[in-house]
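Asks: Keeping their order, the protein sequence lines are chains A and B.
Residue numbering for the first sequence follows full-length UniProt numbering, beginning at 1 and increasing consecutively.
Residue numbering for the second sequence follows full-length UniProt numbering, beginning at 1 and increasing consecutively.
If you are wondering where the hints come from, they were derived from the structure by calculation, not from laboratory data.
Don't take each hint at face value.
Computed footprint of chain B on chain A, listed as stretches where at least three residues anywhere in the stretch have a Cβ under 8 Å from a Cβ of chain B [unchecked claim]:
#, region
1, 68-74
2, 100-112
3, 150-158
Which stretches of chain B does chain A cover? Using the computed rule of at least three CB atoms under 8 Å from a CB of chain A, they are [as the list claims (entries may be wrong)]:
#, region
4, 4-16
5, 31-38
6, 46-60
7, 70-83
8, 123-132
9, 140-148
Over 12 Å on every C-beta distance to chain B, these chain A residues come out as not near it, computed from the model [to be verified]:
#, residue
10, Asp6
11, Thr22
12, Arg63
13, Ser121
14, Asp162
15, Glu177
Yeah, the Cβ is synthetic: ideal placement off N, Cα and C, and Gly gets one too.
Number of protein chains: 2
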Amino acid sequence: MSLVLDPAAQDLLFREARTANTFTDEPVTDEQVQAIYDLVKYGPTAFNQTPLRITLVRSSEARERLIPHMSGGNQAKTASAPLVAILSADNEFHEELPTLLPAMPQIKDLFFAERPAREGSAAFNAALQAAYFIVGIRAAGLAAGPMTGYDAEGVRKEFLDDDHTPLMVVNIGKPGEDAFRPRSPRLGFDEVVTTV
Amino acid sequence: MSLVLDPAAQDLLFREARTANTFTDEPVTDEQVQAIYDLVKYGPTAFNQTPLRITLVRSSEARERLIPHMSGGNQAKTASAPLVAILSADNEFHEELPTLLPAMPQIKDLFFAERPAREGSAAFNAALQAAYFIVGIRAAGLAAGPMTGYDAEGVRKEFLDDDHTPLMVVNIGKPGEDAFRPRSPRLGFDEVVTTV
């Protein structure tokens, strides 16, 4: 028993949690999304920059605009999920640093004066937060269906602006019929971990 | 109560979990690292590519080689943590895809024949896995001290090879005296989430 997290929580978040490919029509409420955010917002990022931004696609009009930008195999999932979220990185996150990192006012200009540095840092740290968000969806008893198969430039132009880079589109809901593919293998500890 | 994860687990993983800057000398065992890996290996990645690789810095000789590559403020933490892990992305992860994704043998050549495509995908998906790993460290009742302030090229040359890109160095252990800075603010829901 090397973990202190209780086994039911281990199962909920990792062991039994699976990427869902179909969903029931049970709605995902704003209260659920708020609770997920209020939990995972505490996940660590470098200099507390928290560059993840979330666009909830709720209206059928917006859903219709999103679907053509998804890859073929992802269109039906995107059409049927009760809620779809576009996750993006805010490349102008440094504007919030005086609020987010009041103890280190020098960081904004020291590391993030240039856009390429911001883009690299935003992409990495928003990816960390995307993973926390997936864990949070599962913490709400919901299934996540994260997708990277879509036209990123198309999604950016349709829903975001030049300052935001799409990272992932996530279907969210209760799993439907035949929601899960067979669990794929994972690499063994010795294939991943080296000790020096 | 929009979350089904029990409140103690919420606290352990997110609400009360904090980045530690000092550590006790209680060792982190191989069994703990194995348990963490065996939990978080199930976190989702695109096409199950799981490109994260972990280098555990256990010997004092290796620790001495790592410290000079850390930024000034991170050197003392890296020197004192019971265990330090270098997280990297394997840019040749596609070689494992026949094992990891047996149902889709075409993906390896379709998307990952070229190194730049692999590097982009590995960086993003290994970042997701780095976040799962941080959550897993907390699930083991330990504190993580993730650091991005280091000389990446120096660490790569010292510990890795041309096929691996360092992502993060993580101190792992039980928090010591004055381990935590005050909790920094987080952005509000309405600053992060837009509904369309």
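Asks: If a hint holds in the structure, say so; if it does not, say that too.
Replies: Structure-based check of all given hints:
Here's how the region 68-74 of chain A fares: 0 of its residues keep a CB closer than 8 Å to some CB of chain B, so the rule of at least three is not met and the hint is violated. As drawn, the region 100-112 of chain A meets chain B at 4 residues by the rule of a beta-carbon pair under 8 Å; at three or more, the given contact holds. Counting residues of the region 150-158 of chain A whose CB lies closer than 8 Å to any CB of chain B gives 0, so the stated coverage by that chain is violated, three being the minimum. Counting residues of the region 4-16 of chain B whose beta carbon lies closer than 8 Å to any beta carbon of chain A gives 10, which meets the minimum of three for the stated coverage.
Three residues within the 8 Å Cβ limit are the bar, and the region 31-38 of chain B against chain A gives 8, so the coverage statement holds. Proximity of the region 46-60 of chain B to chain A, defined as three or more residues with a beta carbon under 8 Å from a beta carbon of that chain, is established by the 11 residues found. Interface restraint, the region 70-83 of chain B with chain A: violated (0 residues with C-beta to C-beta distance below 8 Å; minimum three). Here the region 123-132 of chain B counts 8 residues with a CB under 8 Å from a CB of chain A, which clears the bar of 3, and the coverage holds.
With 5 residues having a Cβ less than 8 Å from any Cβ of chain A, the region 140-148 of chain B passes the three-residue criterion, so the hint holds. A beta-carbon of chain B is positioned within 12 Å of the beta-carbon of A/Asp6; the least distance is around 7 Å. Separation of A/Thr22 from chain B is adequate, the least Cβ-Cβ distance of about 16 Å exceeding the 12 Å criterion. The beta carbon of A/Arg63 is not kept farther than 12 Å from every beta carbon of chain B, the shortest such distance being approximately 9 Å.
With a cut of 12 Å on Cβ distances, A/Ser121 falls inside the contact zone with chain B, its closest approach being about 8 Å. With a least CB separation of 16 Å from chain B, A/Asp162 remains clear of the 12 Å interface cut-off, as annotated. At the 12 Å boundary, the C-beta of A/Glu177 stays outside the reach of chain B, the nearest C-beta of that chain being 19 Å off.
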